[in-house]
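Peer 1: Start from the sequences and build out the full structure, keeping to the hints where you can.
Sequence lines, in order, name chains Z and A. Residue numbers for the first sequence follow our numbering, beginning at 1 and rising by one. Residue numbers for the second sequence follow our numbering, beginning at 1 and rising by one.
Just so you know, these hints were derived from the structure itself, not from any lab. Certain hints may be false.
What the hints assert, rightly or not - Some chain A residues judged to face chain Z by a derived CB distance under 8 Å, without partners named:
1) 3
2) 31
3) 112
4) 247
5) 320
6) 322
7) 345
8) 350
Since this is a predicted model, take the numbers as computed values, not measurements. Glycine included, each C-beta is placed from N, C-alpha and C at the ideal position.
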Amino acid sequence: MKIDIILSGVGGQGILSIAAVIGQAALENKHYMKQSEVHGMSQRGGDVQANLRISDKPIFSDLIPLQQADLILSLEPMEALRYMPYVKEAGWIVTNETPFKNISNYPNEADIEDEIKKHKNHILINIDEIAKEVGSARTANMVLLGAALPFLSLPEEDIEDAISAIFEKKGEEIIKLNIKALRAGSEISRNILNK
Amino acid sequence: MQNLLLLGDEAIAQGAIDGGISGVYAYPGTPSTEITTYIQETTDKREIRSDWSVNEKTAMEAAMGLSYVGKRALVCMKHVGLNVAADAFINAAITGINGGIVVLVADDPSMHSSQNEQDSRFYGKFALIPILEPSNQQEAYDMAYTGFELSEKLGYPILMRITTRLAHSRSGIIRKPQKQQRPISLPTNRKQFILLPAIARQRYSALLAAQSEFEEQANNSLYNEYIDGVNKKMGIIACGLTFNYLMENFPNGCEYPIVKIGQYPLPRKKIERLIDECESILVIEDGYPLVEELLKGYTGKGIQVKGKLDGTLPRQGELNPNNVGQAFGFTLEKDITIPEVVKMRPPSLCKGCGHIDLYESLVKVLKDYPTARVFSDIGCYTLGALPPYTAIDTCLDMGASITMAKGAADGGLHPSVAVIGDSTFTHSGITGLIDCVNDNSNVTIIIVDNETTAMTGGQTSSGTGKLEAICQAVGVDENHIHVCEPLKKNIDYIVQLIKKEISYTGVSVIIPRRECIQTLKRKKK
Numbered sequence: 001m002k003i004d005i006i007l008s009g010v011g012g013q014g015i016l017s018i019a020a021v022i023g024q025a026a027l028e029n030k031h032y033m034k035q036s037e038v039h040g041m042s043q044r045g046g047d048v049q050a051n052l053r054i055s056d057k058p059i060f061s062d063l064i065p066l067q068q069a070d071l072i073l074s075l076e077p078m079e080a081l082r083y084m085p086y087v088k089e090a091g092w093i094v095t096n097e098t099p100f101k102n103i104s105n106y107p108n109e110a111d112i113e114d115e116i117k118k119h120k121n122h123i124l125i126n127i128d129e130i131a132k133e134v135g136s137a138r139t140a141n142m143v144l145l146g147a148a149l150p151f152l153s154l155p156e157e158d159i160e161d162a163i164s165a166i167f168e169k170k171g172e173e174i175i176k177l178n179i180k181a182l183r184a185g186s187e188i189s190r191n192i193l194n195k
Numbered sequence: 001m002q003n004l005l006l007l008g009d010e011a012i013a014q015g016a017i018d019g020g021i022s023g024v025y026a027y028p029g030t031p032s033t034e035i036t037t038y039i040q041e042t043t044d045k046r047e048i049r050s051d052w053s054v055n056e057k058t059a060m061e062a063a064m065g066l067s068y069v070g071k072r073a074l075v076c077m078k079h080v081g082l083n084v085a086a087d088a089f090i091n092a093a094i095t096g097i098n099g100g101i102v103v104l105v106a107d108d109p110s111m112h113s114s115q116n117e118q119d120s121r122f123y124g125k126f127a128l129i130p131i132l133e134p135s136n137q138q139e140a141y142d143m144a145y146t147g148f149e150l151s152e153k154l155g156y157p158i159l160m161r162i163t164t165r166l167a168h169s170r171s172g173i174i175r176k177p178q179k180q181q182r183p184i185s186l187p188t189n190r191k192q193f194i195l196l197p198a199i200a201r202q203r204y205s206a207l208l209a210a211q212s213e214f215e216e217q218a219n220n221s222l223y224n225e226y227i228d229g230v231n232k233k234m235g236i237i238a239c240g241l242t243f244n245y246l247m248e249n250f251p252n253g254c255e256y257p258i259v260k261i262g263q264y265p266l267p268r269k270k271i272e273r274l275i276d277e278c279e280s281i282l283v284i285e286d287g288y289p290l291v292e293e294l295l296k297g298y299t300g301k302g303i304q305v306k307g308k309l310d311g312t313l314p315r316q317g318e319l320n321p322n323n324v325g326q327a328f329g330f331t332l333e334k335d336i337t338i339p340e341v342v343k344m345r346p347p348s349l350c351k352g353c354g355h356i357d358l359y360e361s362l363v364k365v366l367k368d369y370p371t372a373r374v375f376s377d378i379g380c381y382t383l384g385a386l387p388p389y390t391a392i393d394t395c396l397d398m399g400a401s402i403t404m405a406k407g408a409a410d411g412g413l414h415p416s417v418a419v420i421g422d423s424t425f426t427h428s429g430i431t432g433l434i435d436c437v438n439d440n441s442n443v444t445i446i447i448v449d450n451e452t453t454a455m456t457g458g459q460t461s462s463g464t465g466k467l468e469a470i471c472q473a474v475g476v477d478e479n480h481i482h483v484c485e486p487l488k489k490n491i492d493y494i495v496q497l498i499k500k501e502i503s504y505t506g507v508s509v510i511i512p513r514r515e516c517i518q519t520l521k522r523k524k525k
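Peer 2: Rendered as structure tokens:
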């Protein structure tokens with residue numbers, strides 16, 4: 001078992017919480033893992049990414065080599081494309097379709113979508129909308145994590161346990177909401193895959 | 001024991017806690033900040049002293065005081081912080097230590113959040129002390145855990161060098177049993193710490209004599225491993241984290257002999273064996289080509305040494321699995337680039353940030369003064385260099401805004417404006433302000449006070465609540481110290497205030513004060 005994931009988004013969107021949940025679940029499963037994150041200046045609204053590597057054998061590099069990522073998981077569509085040089089030809093792109101526009105020259109949304117569709121294995125989801133349906137826009141990152149579940153080779157219960165552990169301090173309600181978001185995301189991507 | 005998921009920084013913090021430190025001394029700086037934050041969050045302050053220091057020099061000196069009384073101290077900073085602490089750091093190698101000291105310095109090749117990519121190993125070599133350089137999170141933990149004992153055994157501070165990639169990458173860590181803190185025990189030789197020339201000469205002589213022991217330690221260190229290989233056409237020296245990039249390229253084992261380096265000075269016996277057995281040498285090191293230059297020498301004669309100097313590896317930026325692979329001729333079949341539709345997304349000031357209102361005011365003022373220049377400093381407000389503000393003209397080092405504005409004013413520039421943050425002001429701005437006062441320099445100094453050290457994530461700021469008092473105390477005329485609140489509705493007022501102080505010939509200080517929007521949000525949660 002070996003999976004290399006690039007998580008991407010814009011500083012402040014919460015990609016590190018996704019990484020933390022997957023990491024916790026991987027460790028519970030006695031897997032090796034390395035997770036390289038971005039801290040510092042970029043967190044002020046710049047592009048941010050995390051490299052997450054999980055394996056049943058020891059992992060050397062903290063960074064994923066070019067063209068070796070199994071999955072790009074992105075909270076923002078243009079940010080998914082930024083890591084195209086890293087994804088395998090047979091790898092997947094799972095991304096939010098809602099843009100985060102904090103630059104004046106943000107490209108045409110249709111052009112971004114076309115570019116994502118050029119990669120055979122992709123799932124585009126309106127994460128923000130589903131998060132709102134679930135009950136809070138702030139669960140967007142857990143919806144996205146849910147959508148990635150079919151690719152993670154980690155038991156869904158363990159991901160849910162990890163959510164409970166990580167959000168423990170925030171109370172039962174927040175945990176329930178996040179798990180609901182996770183399940184909603186998972187259902188949508190499974191429906192797309194089964195088509 | 002428990003498998004903890006920790007950042008490299010946190011692994012070092014946990015290693016130091018378990019290694020029996022009595023205190024950590026640090027000033028925030030990416031990528032080193034999380035070490036001290038972790039200690040603050042996981043230990044009781046009465047057990048381990050952990051508040052932020054005003055700058056890296058006071059941190060290093062206070063750590064020396066803790067060491068003087070026999071206790072173990074960790075000092076943390078980013079690479080450029082060591083420039084600030086250098087006076088104390090270099091001389092600490094002359095005095096030596098009593099309680100163990102590990103000076104943790106986090107370098108930032110690729111300048112993810114920095115002004116340069118200086119390589120702290122040169123400082124270790126300069127100070128003539130041992131250096132530890134972990135290759136992964138577990139080694140980072142282990143080195144921090146045993147580093148204080150190594151320091152005490154040798155009698156000198158230890159420099160531990162990491163880079164951003166390890167600092168900010170998480171992995172599972174196995175802890176070791178926690179060691180007791182050391183009791184107070186004063187130095188037996190009361191002259192040890194008095195660097196009068198006569199004593200300093202003796203101490204320097206002792207430091208020089210200790211070099212062979214440092215080398216012997218490195219020869220026997222578990223962190224300096226000779227890993228034999230069948231193909232002797234090339235021998236590889238891989239320093240710190242780069243060992244992983246090397247092995248990533250050889251998933252089934254590397255055919256070339258490798259010396260994996262984790263402790264300096266270089267393990268001479270192992271390096272000599274590699275040179276004797278192999279036809280050429282490849283040096284892989286993140287940062288500057290320190291080891292490569294040593295082996296190559298000035299003439300470059302002798303065994304062929306490849307690395308950053310001959311272009312086998314890139315001279316600039318951090319190494320990664322791909323550029324290390326290229327040193328072996330491994331290339332990708334297809335070249336895939338970032339699609340053209342993707343635009344740059346640089347960092348920017350947060351929505352609602354007080355710096356925005358200040359810069360909008362300042363830009364309005366400066367329209368009327370085409371010769372004006374704004375000397376700025378290091379912090380979130382450095383982002384004022386970018387559009388739509390393009391409001392600042394310089395950013396050199398911590399504190400240079402005030403002193404550069406002073407020098408420019410000395411040279412006849414008017415208006416000469418400085419923009420500096422509250423934490424940067426206490427870090428290194430106060431001394432420059434005294435220079436301004438003593439010369440009655442014609443400068444307008446704006447201390448943007450968001451009551452925190454914001455860029456590194458909102459650590460406490462040493463000057464909070466004291467800025468006006470500090471300015472007055474160093475001699476700024478109280479009639480020319482103004483506090484205002486940077487809000488949209490106050491922009492006209494701030495514009496007038498800045499104009500008024502620009503027209504005053506002498507030192508003015510304007511303090512726009514409004515809490516950082518990020519720390520405010522966190523408090524509300």
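Peer 1: Taking the numbered hints from earlier one at a time, note which ones the structure violates and give those numbers from smallest to largest.
Peer 2: When the structure is compared with the hints, none of them turns out to be violated.
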